[in-house]
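Chemist: Modelling step: build the complete structure from the supplied sequences, incorporating the hints.
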Amino acid sequence: MSHHLVVRVVAKLLMPFIILFALYVQMHGDFGPGGGFQAGVIFASAFVLYALVYGMDAARKVLPDGALRIGLALGVLIYGGTGVLGLLLGGNFLDYSVLAHDPVHGQHYGIFAIEFGVGLTVASAMATIFFHFAGRGANLDEMEE
Amino acid sequence: MISTHLPALQIILPLLAAPLCVILRNGTLTYWFAVVVAWLAFAVSALLLQEVNAIGVIAYKLGGWAPPWGIEYRIDLLNAYVLLIVSAIGALTVSYAKPSVDQEIGGDRGYLFYTAFLLCLAGLLGVTITGDAFNIFVFLEISSLSSYALIAMGRDRRALIASYRYLVFGTIGATFFLIGVGLLYQMTGTLNIADLGERVAAVGPNRTITVAFGFMAVGLAVKAALFPVHAWLPNAYAYAPSVATIFLAATATKVSIYVLIRTYFTIFHHDFSFGVMALGDIFMVFAVLAMLAGSAIAIFQTDIKRMLAYSSVAQIGYMVLGVSMATVLGLTGGMLHLFNHALIKGALFMAMGCVFYRTGSVSIESMRGLAARMPWTMAAFVAGGMSLIGVPLTVGFVSKWYLLLAAMEQNLWWILVFLIIASLMAIIYVWRVVEAAYFMPSSAGAPTDIQEAPMAMLVPMWVMVLANFYFGIDTKLSVGVATRAAKFLLGDAS
Chain A
967 MSHHLVVRVV
977 AKLLMPFIIL
987 FALYVQMHGD
997 FGPGGGFQAG
1007 VIFASAFVLY
1017 ALVYGMDAAR
1027 KVLPDGALRI
1037 GLALGVLIYG
1047 GTGVLGLLLG
1057 GNFLDYSVLA
1067 HDPVHGQHYG
1077 IFAIEFGVGL
1087 TVASAMATIF
1097 FHFAGRGANL
1107 DEMEE
Chain B
529 MISTHLPALQ
539 IILPLLAAPL
549 CVILRNGTLT
559 YWFAVVVAWL
569 AFAVSALLLQ
579 EVNAIGVIAY
589 KLGGWAPPWG
599 IEYRIDLLNA
609 YVLLIVSAIG
619 ALTVSYAKPS
629 VDQEIGGDRG
639 YLFYTAFLLC
649 LAGLLGVTIT
659 GDAFNIFVFL
669 EISSLSSYAL
679 IAMGRDRRAL
689 IASYRYLVFG
699 TIGATFFLIG
709 VGLLYQMTGT
719 LNIADLGERV
729 AAVGPNRTIT
739 VAFGFMAVGL
749 AVKAALFPVH
759 AWLPNAYAYA
769 PSVATIFLAA
779 TATKVSIYVL
789 IRTYFTIFHH
799 DFSFGVMALG
809 DIFMVFAVLA
819 MLAGSAIAIF
829 QTDIKRMLAY
839 SSVAQIGYMV
849 LGVSMATVLG
859 LTGGMLHLFN
869 HALIKGALFM
879 AMGCVFYRTG
889 SVSIESMRGL
899 AARMPWTMAA
909 FVAGGMSLIG
919 VPLTVGFVSK
929 WYLLLAAMEQ
939 NLWWILVFLI
949 IASLMAIIYV
959 WRVVEAAYFM
969 PSSAGAPTDI
979 QEAPMAMLVP
989 MWVMVLANFY
999 FGIDTKLSVG
1009 VATRAAKFLL
1019 GDAS
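Listed in order, the protein sequences are those of chains A and B.
Everything in the first sequence is counted per our numbering, starting at 967 for the first residue and increasing by one.
Everything in the second sequence is counted per our numbering, starting at 529 for the first residue and increasing by one.
Calculated from the structure, these hints are not laboratory results.
Any given hint might turn out to be false.
Going by beta-carbon spacing under 7 Å, a handful of chain A positions derived as facing chain B [as the list claims (entries may be wrong)]:
no.	residue
1	971
2	1042
3	1059
4	1060
Label-pair distances were calculated between CB atoms; the ranges are [stated by the list, open to error]:
no.	chain 1	residue 1	chain 2	residue 2	range
5	A	1047	B	929	44 to 52 Å
6	A	999	B	717	54 to 62 Å
7	A	1022	B	688	21 to 29 Å
8	A	1035	B	556	57 to 65 Å
9	A	1047	B	582	30 to 38 Å
10	A	1095	B	703	16 to 24 Å
11	B	717	A	1056	27 to 35 Å
12	A	999	B	938	53 to 61 Å
13	A	983	B	583	54 to 62 Å
14	B	734	A	1022	51 to 59 Å
15	B	929	A	1056	44 to 52 Å
Cβ atoms here follow ideal geometry from the backbone N, Cα and C, with glycine treated the same way.
Modeler: Rendered as structure tokens:
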């Protein structure tokens, strides 16, 4: 895509807005439609666009495989860890009411952390799936042996 | 404080250990981590069974939300018993895994195997422990997705096709179950199993309930690999890595049988399931067909893992047969076989894992003369085979005995005949392997430097084999719990 100057510039311009929209959907999940899952997909789509326009090598530099792997695992751990924290603070597993001085705030913090975990894992999973399918062409011969 | 949270810990331990394995990323480190976690999960399930024995049903409110609105973990004798089986097999299998996984999957990808293994364990335990019908579906998908990954890690490229096929079948099965749950929700407005049990009875047998009943029966039959819909099972077990086969063969279909029992005894009352809907008659026919067809096809297999897989199809027939009688004795027999078959197939597939580790093949030709080179492994296979056939003093005998008693109690003499025919066929297919290993010389081109499998594999395998004999002699735990669970399900207080 190196000769499509318009596409390259527009893609670069759009990136921050896509990410911002993803973060909006993530944060707004408590009050309206949205939440971690949708936000994760939108977040990953910014990097999918980047990979489509600038190529896989450039995209991998931005999001290395190692970072994606950590993101995948960390999201689940944040979700589960929030549950365990509730357990350690004297509630049941995934009981957010005990996370703060009163149940209303506790529920708020709890769902916020959980949704963040979901968003992180979904974004990493989406990017990983795309990178694996897109990256397959280059070493297809290698895989066929 | 810990004791009140045991039901949650049962799931959290393996579920959160799985992503930690991804972060640790070192083959040896993740192995030891997985071993510790699996044994801890086993300890938790043993404590849970003890507690259920002492005080009765345990309920745990997830997130502090009261049922039927929140998700509830509800443990009675039936699922405490299944939890113990699954976690015990999980712990023994992962202890056995290291040499086999290093060889078949490779040290650098080993951590992915343990991750998928722990997720699968968490999924299967979750299906068993939860008291929420939709939650069953979620955990069913966790365990299924991770088992597709486990199977696809097989060395043979056919593992990919086997895994894909299981994916298609498994998804159909789980979706049918979910459609059933959805229809029940539409009629009753609840997903809690205990609550469903009361409300389905109150609504009465209308069309929606009947359709839900049918969808769930088909879906669960696919997941449990009951005879006409068993096609995904043989290749999945044959081409999966040895360790994955051991674990899945000993647990995955058992958990589906558990869900079947839970659905038709707790959600739909057994009077409705087996009286009005005559589910027992349908399942009994398929169970007998499974016993005969599975055993017959097993006789003609040259790949021993595939042979054992077809034998599993037959053994699932035994379990469903017991359940389909819907009497205390029959249900006891079915649940006993669930426990016993896990031990039998665990031991047999572990022996095959050892053979594959040393010879790189599990075909009947590669077994020739192997008993001289791998005496302990082949002895374990013989012991497991005897248990599969149902020789007295082994677990296989105990469960078949209960099934026979149950059939006789109902005057189902024809079942008796088929049970004996299927056992005779088991003698044939087990004997083929024994004959090759003990009475045939090694084939001309066979490598001569084959040694006994390493200690790390032999010890867990022999623990499993000895359990086959221990529970064949001291049946207090297996028969005792199964009988009381059966009485509990049938509402027989005596």
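Chemist: State for each hint whether it applies.
Modeler: Going down the list of hints, with the structure as the test:
1. 971: This interface hint is violated because 40 Å lies over the 7 Å limit.
2. 1042: Result: holds, 4 Å to nearest chain B Cβ.
3. 1059: 4 Å, holds
4. 1060: 4 Å, holds
5. A:1047 <-> B:929: 44 to 52 Å: With a Cβ separation near 49 Å, residue 1047 (chain A) and residue 929 (chain B) satisfy 44 to 52 Å, so the hint holds.
6. A:999 <-> B:717: 54 to 62 Å: 24 Å, violated
7. A:1022 <-> B:688: 21 to 29 Å: For residue 688 (chain B) against residue 1022 (chain A), whose Cβ atoms are near 24 Å apart, the range 21 to 29 Å holds.
8. A:1035 <-> B:556: 57 to 65 Å: Violated: the Cβ-Cβ distance is about 19 Å, outside 57 to 65 Å.
9. A:1047 <-> B:582: 30 to 38 Å: Holds, since residue 1047 (chain A) and residue 582 (chain B) (Cβ atoms, about 32 Å apart) stay within the stated range.
10. A:1095 <-> B:703: 16 to 24 Å: 22 Å, holds
11. B:717 <-> A:1056: 27 to 35 Å: 32 Å, holds
12. A:999 <-> B:938: 53 to 61 Å: At roughly 57 Å between Cβ atoms, residue 938 (chain B) and residue 999 (chain A) fall inside 53 to 61 Å, so the hint holds.
13. A:983 <-> B:583: 54 to 62 Å: The hinted range 54 to 62 Å holds for residue 983 (chain A) and residue 583 (chain B), with Cβ atoms some 58 Å apart.
14. B:734 <-> A:1022: 51 to 59 Å: 56 Å, holds
15. B:929 <-> A:1056: 44 to 52 Å: 49 Å, holds
Of the numbered hints stated above, those contradicted by the structure are hints 1, 6, 8, listed in ascending order.
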